[in-house]
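Engineer: The chain contents come next:
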Amino acid sequence: MSVRLSIIIPVYKPRADIFDKCIRSLKNQALRDWEAIFVLDGPCPEAKTTIKHNIGTHDYKVLEIPHGGACAARNAGFAEAKGDLLCFFDCDCIIEPGASAMWVEQFDKHPEIGFIYSGYKFIGDKFAIESEPWNPYTLKIRNYISACFPVRRSLYPGWDTSLESLQDWDFWLGVLGKSHELDFAPDKVGRFVPGFAFATAFPDQDSISGRGCGVDVWLSRLDAVKRKHHLTDRDICVSSLEYRADALGLAKLINADFLTVANDKPHRYKTIIQVGFSLGKNVEKHAAMFEEKNVKKVLFWTGDNISEIYHGVSFKQIDAISTLINGMVLQFCEDVEAKKLLTRAGFKAEVLPLPMGSANPLPLPEEKKWAWDISGVYSPMLSAIEQSLPDIPLEQVGPATDLSNYVGLLHFFQDKTVSSTIRRAHMTGRHVVSNVQQPFCGFVDDKWEMEKFITEAVSRVRSLSHYPVSPEAAEYYSPGISKLMGVLR
Amino acid sequence: MKISFVIPSFNCVTWLPHAVTSCLKQTHKDLEVIVVNDGSQDRTMEYLEWAQKQDPRVRVIDLKKNVGVCAARNIGNAAAAGEYIFVNDADDISTPNRVEIVLRKFAATKADYIHGAATAITCIGYPVIFFIGRDRQPTAEHIPGPWDESKPYNSIVHSTVAYTKQFAEKYPYPEQGDFSRLGLDDWAQQVVAKRGGAHFDFVQQKLCCYRITRSMATQRRSKVDVAKAKDALFASLKDKVAA
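The listed protein sequences correspond, in order, to chains A and B.
Numbered per our numbering, the first sequence spans residues 1 to 489.
Numbered per our numbering, the second sequence spans residues 1001 to 1243.
Quick caveat, the hints were computed from the structure, so don't treat them as lab data.
Do not rely on the hints blindly, as some may be mistaken.
Said to hold, decoys possible - DMTMM-like cross-link-like pairs, simulated, lysine to aspartate or glutamate; straight-line CA separation at most 25 Å:
no., chain 1, residue 1, chain 2, residue 2
1, A, 368, B, 1046
2, B, 1053, A, 367
3, A, 316, A, 304
4, B, 1025, A, 395
5, B, 1065, A, 456
6, A, 368, B, 1042
7, A, 368, A, 395
8, A, 369, B, 1231
9, B, 1029, A, 391
10, B, 1025, A, 304
Chain B on its own, in the form it takes in the complex (with noise of 0.2 Å):
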């Protein structure tokens, strides 16, 4: 069964080649990966070039201007051949058995959208220690959980996330607003697809180890801006409902 793998990048040409590696390197052979060039003014285009020589299976999108992640997302998803979309970021690495688990699942169940674990790494691939919970228990695990739209923070991470081809048709990410700037390109897409009565499910594996970077979207972001964009799509949505 084919899959693809889309991985919108906007200057990133450092940790990119990790990520394409890590696609490339799966368990699971029929698949694609496309990356979506946004536009980088570094030398991203030179290095697919040469992956695209090292393996056919890389598929290259090259945005002469940046459009934003939420829209190079869509453009990657249209393109995309594979029966299942399995989003990674650029700056994220899949664990090598990803696709094989999440293809077990999709095949278990009904769900339109899977998720999983993840550990958080640093630039230089050690694990991030985050001290959570009452006790402050340490760990560089993300722990799946259901998804609800009241909570504070995102429970999934995107890297881990696949869905099916026809419910990125149903549920594009929103290109309107700010949420490509601020990094809620995922949680926008979810509220939106959870509303739409979208069939979300998780798996307990680790799939993907994401970087911390002090230079990512989520980590420069003003509170302010988040909770404003967040309001601005509830409303949205209500008009609609309302209309």
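Only chain A is shown next, with the shape it has when bound in the complex (with noise of 0.2 Å):
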């Protein structure tokens, strides 16, 4: 039998009560065609023994060299390694039974894809940690990929041994380097495969990537890594937790960092900009952001935060809120009515809205399917709508959803505010009906009879879909970033 899979473990100091796991469930896997090369890094009897217990009759090497770390250990492994994918395991990891059946596979199906990767469960299903969809950009600024993930061997670029940590950031970083060279297409070398592909020790307080590093050695183990590749540091990061999409394409568009929360780890950042502010659940652990020292502070209020502030928020949490960042951060909105919002809530915003780059209006796509956003309130509304118009397919979209390949988008939220869906929109030239009274964001009232709204948005739904959108929709609706530079400034 061919080896597909080389599984290389760098064994040291194993935990008794989770080798064992760890070996018997490489040992269960569905995938039959794999190898094991278990690298002792220093000598460890008991880790013989416990092998030879665990994997059956399965087949496997035993390599033992002088203690190097763990990478030293990998690099050996490697060295020994039939396989052409590549999988670097931990010695207290346990994989989910199908992952690697799994990821063979898709490797087989999709030859542009370099590398696969999923999130992972700590042992006792308390934690986990989800990891992201796959961005060249965000890989850049920080890891989210953890060692134990399969890569192909073409683009194996060997592990640093001289780095004390941040050593998988490096290894990730080379094998998006190493795909550049073999003309790998940049944002499609990775996978993401949403998932937790194995559980793993819940690591020491004390270990070198837990809390126990301090702030210069933190920043100075970033900048080995950022040096050896070539990353610039940069002044501005944008920050966000549930608008992701948004604040990453601003992040692109005026070269900043993006991260989901931007002060978890030490940082030099001198701006901070933050793309939505929920005043709900751990507001006051988010908030801490706005107390960071010596930063500049921007935040974005979205339709969504307002809606919020007025529906779900006590007056104590918001004067709380309103009394620490007013006058500490800058504070934007995306129109009139959103500020009147907000100014009544106790707010000091201006209206500017996200920039979102520049517009692109395409033609309209030939068959006529409808995106809609909508809030809970309007759901009985949307499904007398859905019924209405069985022959107009209608889909639920996402923040990054490419809405051109829709006609147009339905969008009704309780706060009647333009919000970033209804840009992206215009933005590519599309449609919009929405409860929003601005200009070309087809208005339909919900004051009205709800008999009324629904027979007019479904006639709106079926006329628009007949003509193009006027350009003039997408070029009023895509500020530029000249303002909001100017504030940073």
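From the two separate chains plus the hints, produce the assembled complex.
Structural biologist: Right, here's the structure in full:
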């Protein structure tokens, strides 16, 4: 049987209660054509017996090297590996039975993929790391791919033994660099499969990547990797918990970093731009960002946030937050209506729509499909509208959906302000039917009787499908970055 | 046994798909759905062309100009190929086993005309609650009863009605008079048929959900106009008897 996947497991001080489970989980995988290479990082006779007892009849190899760290062990393991796919596993990880078979299937089906990754769990199911969709831009900011995921042999960059930590980040950056040389498409070379591929032991408090690491140490380690891969330090960081696509778009536009939470690790940012801020759960934790010293803070309010202020948060909460951020944070919102609502709630915001790049209106697609982004309050109306339009498919969209595949967007939210989804629709040249009373927004008033509301919405969807969109809409809704840059300077 | 649904539709493209789908989803499959497009100004034809492609049981009669609901129903009835004709208005929804129940009743009795129970719903499909009777019991259900022309209200929900093809030929909807505009099309036909000796019957099961909307004729007509139209019908029938 030829070997497809080589699983290389560096073994250093294995935990007795997990190591045997790790080996058994590998033995019990659905995949059959794989090989195990255990690299003992320093002599460890107990490990040898544990391997022998648990691996069963499967072929395996045990190498023994003088103690030199995980990277040295992985490199030694690679020298012996025969498979065209490599996976550098850990001796405290328990793999899901179907994961490796899925990896091999994906690699076979999609030659453009260079590596596959998912999230992972901690043993005991208390925590999990979900990872995030593949984007070469964000990998150059912070690592989100565990070392234990498979990569094609042709992209193997070698493990850098000179680094103290963040070797996994260095490894994946190396893979990305090699993929450029070999003409893999950068946005397709990585494939994110949502879910959890393995479970691992929770890291010790004093481990290298744990909290035992001070500010300077962390930054110097970060710098070491950045220098090696010629990554520049950026002054601005855009962050967002809920509006990832919009925030990432803005970051690319103004050449800034993007992080889900800007200040979870030590940093040197001079400006933090927050997109969307929820006053709901975990607000105190989240608001800590605004207490950062010597950092310019900018906040873009979204319609959802405003709606939440009016429908789901106590006045005490609003008062506390507005006292905290007024004066310390530059606050912006999408339109006059939003400003009015924020002012009434006690927030000092100015109108400055979130910059989203330049408009790119495309001709309408052949298929008359509509997208919808609608708050739960409007779901009875949506179901009536949907049944009234059996000939026009309606599909729910997320923040990252490409709206150019649709003819238009149905958008109903209680805050009645222009949202980034509406502007994305305009900028790709798509119709909008919404309860927002602004230019080109296809205003349908939810204060009308329900029957008129539905009839109007249905007839708009029907008739707009036949007309091209006015090109002025795209212009109107694509503010440049000049104003924002002026504010930042 | 083949049956025909007849749906007259005038500017009702919002609700028409709900009606057509409910007819096509009947448990009794041997049927046709005849939609008479009564000169609609909206995009009804666009939907109907699509629906015909989806299911060949949909038949479309496209009247180029508006002729009124009575005439539209008569045109649809004349085109019907089925032995029984089921009435379904463009904004009402038949329950999935309506045809099955009614055909069983036709087989068991010698009735020409069968109606049944119904639920009133709003435009989004929630039940409309009425408060009826002396003790003001809340209910959304319409309970069918024997028909009597002297009652001030009509005890038959038109979208629960089914009749034989012969009945439709013998008692067409009266095209003269104001009945189309006032939404008295069904009532006028019932008066003529009942006096002509047709046999009415009803079932207790729920046959349809009828939508109550502000724009429907029965919500907007004036009581004076209704009384006048009713008197005119009685008078004309008396004349006939006298002649």
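Engineer: Hint by hint, note whether the structure agrees.
Structural biologist: Each hint, compared with the structure:
1. The straight-line distance between the Cα atoms of residue 368 of chain A and residue 1046 of chain B is roughly 12 Å, inside the 25 Å bound, and the hint therefore holds.
2. With a C-alpha separation of about 16 Å, the suggested pair residue 1053 of chain B and residue 367 of chain A falls inside the 25 Å cut-off, and the hint holds.
3. This hinted pair checks out: residue 316 of chain A and residue 304 of chain A have alpha carbons roughly 19 Å apart, not beyond 25 Å.
4. For the hint pairing residue 1025 of chain B with residue 395 of chain A, the CA-to-CA distance comes to about 23 Å; that is within 25 Å, so the pair holds.
5. Distance hint between residue 1065 of chain B and residue 456 of chain A is fulfilled; the C-alpha atoms sit about 23 Å from each other, no more than 25 Å.
6. Of the supplied pair hints, the one linking residue 368 of chain A and residue 1042 of chain B holds, its CA atoms being roughly 18 Å apart against a limit of 25 Å.
7. Restraint check for residue 368 of chain A and residue 395 of chain A: the C-alpha separation of about 11 Å stays at or below 25 Å, so the hint holds.
8. For a cut-off of 25 Å, the pair hint linking residue 369 of chain A to residue 1231 of chain B is broken: about 52 Å separates their Cα positions.
9. Only pairs whose Cα atoms come within 25 Å are accepted, and residue 1029 of chain B paired with residue 391 of chain A is accepted, the gap being roughly 22 Å.
10. Restraint check: the Cα-Cα separation between residue 1025 of chain B and residue 304 of chain A comes to about 39 Å, which exceeds 25 Å; the hinted pair is violated.
The earlier numbered hints that this structure contradicts are 8, 10.
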